[in-house]
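Colleague: With these hints in hand, go ahead and build the complete structure from the sequences.
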Amino acid sequence: MENLQNPVSGQGKTHKNTAPKGENMRKHHAPVETLEAFEKRTQPGRERVALSDIHFPQKTGNMSSLRFALRVVDILCISVVILLSVWNAYVGINQNSVIAPLAAGISGAFGFIMAMYIVKAHQFSPAESYGKHISRVLLGSAAALGVWLSFALIFKPLTFLPDSLAISGLMATGVLVVLHSMYFISIKKRQKAGDLIPTIVMLGATESARRLIEENARTRELNILAIFDERLSRAPHNIHGVPVVGRIQDMLEWEALPYVDSIIVTLPEMAQARKKVFVEQIRKLPNRIAFVVDEFEQLDTVKQRITQIAEIGMRDIAGKPKSGRHTFMKRMVDVSISGTALLLGLPVLLLVAVLIKLDSKGPVFFKQKRHGFNNRVFEVYKFRSLNVADEDKDAKSQVVAGDSRVTKVGRIIRKTSIDELPQLLNVLKGDMSLVGPRPHAVGMHTGETETYKLVEDYAHRHKMKPGLTGWAQINGSRGPLHDAASVQRRVQLDMEYIERSSVFFDIMIMLKTLPCLLGDKDNVR
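End of the sequence shown sits at 535 in my numbering; the numbers just go up one at a time, nothing left out.
None of these hints come from the bench; they were simulated from the model. Source: prediction; values computed, not measured. Built from N, CA and C at the ideal position, the CB exists for glycine as well. Certain hints may be false.
[Unchecked claim] Ranges of calculated distance between the beta carbons of each label pair, as one might list FRET restraints:
| id | residue 1 | residue 2 | range |
| --- | --- | --- | --- |
| 1 | Met342 | Ala153 | 26 to 34 Å |
| 2 | Thr229 | His492 | 46 to 54 Å |
| 3 | Ala283 | Arg228 | 15 to 23 Å |
| 4 | Glu225 | Val358 | 53 to 61 Å |
| 5 | Ala60 | Ala351 | 42 to 50 Å |
| 6 | Leu86 | Ile144 | 19 to 27 Å |
| 7 | Phe515 | Thr229 | 51 to 59 Å |
| 8 | Ser160 | Leu189 | 19 to 27 Å |
[Claimed, not checked] The list that follows gives simulated cross-link-like pairs (lysine-lysine, DSS-like), each with its CA atoms no further than 27 Å apart:
| id | residue 1 | residue 2 |
| --- | --- | --- |
| 9 | Lys418 | Lys392 |
| 10 | Lys392 | Lys371 |
| 11 | Lys463 | Lys418 |
| 12 | Lys522 | Lys463 |
| 13 | Lys332 | Lys202 |
Modeller: Listed below in structure tokens is the structure:
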């Protein structure tokens, strides 16, 4: 078996290939597979690429939030450089007034910041070269400096000192070039490893799929992993190197599906019946789901928002991710508050750990696999509150009031929710957030039924990271879920939070959490 690098994503993703040497290169350049080639390729003895042979790139970052973070860095650096440079130029001149240097510095910094935004200096397209990227930075800087000097010369050349402003602007340009060179090298390295690039799968081995693959070969914005098609017997083995690997049911059972960012339906407008069938089967998933907009499709663009992916029109159906600004700000709040809380609460954490060891035999911490963002499984940390012999890591039996499995110390820390504090480590790691839907254990049961089977939209609560607290918890839905109605209410509140999510909403929920915990007599943990 040979390892074949996927030419579409260019990310070094490998899968097994049984084609003779040289055949793959010919296929990569063929715009559409001919009937003769199809018959030759599907002769007995040839096998499709298996799902197990598709390897994911190691993803650790989000490009949207990274762009926002880099904009913040640019704003801080530009502001500091220009303000200090302008202020230094004014030392000994107009000593009795700070208005002129402040006005000059602020206006200049604002101009450079806006110029970087206008020229899209933070896009970092995978197909963009270093020269093209730096030319964007230089173009924006030149425009900002030109406008800045023009205003100084036109309005008050004696007050605003154009020579000093020119030097400040050139210094800011130099700093931007250095910063963006560092950004470019770091981001390119990560993109080549498959990080920071959305991973997608497509439903439908169609002309639209071929068109998207060809556009992506030019833009390299996506890591296209595979294609699924219900009509597998008549589908090609690959389209421009992207393997057609199975049917929708195969995708739904694929253990790697939680790590797919988007599912793109590539059926044409005329296949409305098949589209509906596809959507019915996948709409319960937390992944982003979108249709490729057919070039002949009639759309009300006011009611149906169209986005661009690899310069192909897309109509989002479900799961559109939050903006980079929202993701970045939420993460900054998570890191700052959880880090501070761990430091300040360290004496309490150590005391609880000692009490647990003195109270009963066993480890201090309890670890359990739970579902997180996009249904991904992670290990959550808690202080152990049950006897070791009675621990239920499969969550088939939820803890109820007066449960004999709970230790003496466990009753206290569960009542006050102190047992949840180690999850601050999960927040720092990035598996959880301070606010979000509470993570449920893998295999959790409500009664005799697995909890996720009781509510049709259950998986939608995984569209955001799980949280230490949430909208459901401050509205009384905390503790064990006894029946289908309580699961339905929990999911409804979680989905309401996802729709309303913002940093200010999170802060409000955190402020309301403590009074709710102390005054909650009904929901015993």
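Colleague: Look at each hint and say if it fits the structure.
Modeller: Evaluation of the provided hints:
Range check, Met342 to Ala153: Cβ separation about 31 Å, and the 26 to 34 Å hint holds. One distance hint, 46 to 54 Å for the beta-carbon pair Thr229 and His492, holds here, with the actual separation near 51 Å. Under the hint 15 to 23 Å, the C-beta atoms of Ala283 and Arg228, about 33 Å apart, miss the expected range. Glu225 and Val358 have their C-beta atoms about 55 Å apart, which keeps the hinted 53 to 61 Å range intact.
Checked against the hint of 42 to 50 Å, the C-beta distance between Ala60 and Ala351 comes to roughly 46 Å, which is consistent with it. Between Leu86 and Ile144, the C-beta spacing of about 21 Å keeps the proposed range 19 to 27 Å intact. Range check, Phe515 to Thr229: about 35 Å between beta-carbon atoms, so the 51 to 59 Å window is missed. At about 26 Å, the CB distance of Ser160 to Leu189 agrees with the hint of 19 to 27 Å.
In summary, the hint linking Lys418 to Lys392 is supported, as the alpha carbons are separated by about 16 Å, within the 27 Å threshold. Taken as a hint, the Lys392 and Lys371 pair is honoured in the structure, with Cα atoms around 16 Å apart against an allowance of 27 Å. Pair hint Lys463 plus Lys418 does not hold up; C-alpha atoms about 34 Å apart against a cutoff of 27 Å. Taking the CA atoms of Lys522 and Lys463, the gap is about 31 Å. The hint is violated against a cut of 27 Å.
Between Lys332 and Lys202 the alpha-carbon distance is near 25 Å, which keeps this suggested pair within the 27 Å criterion.
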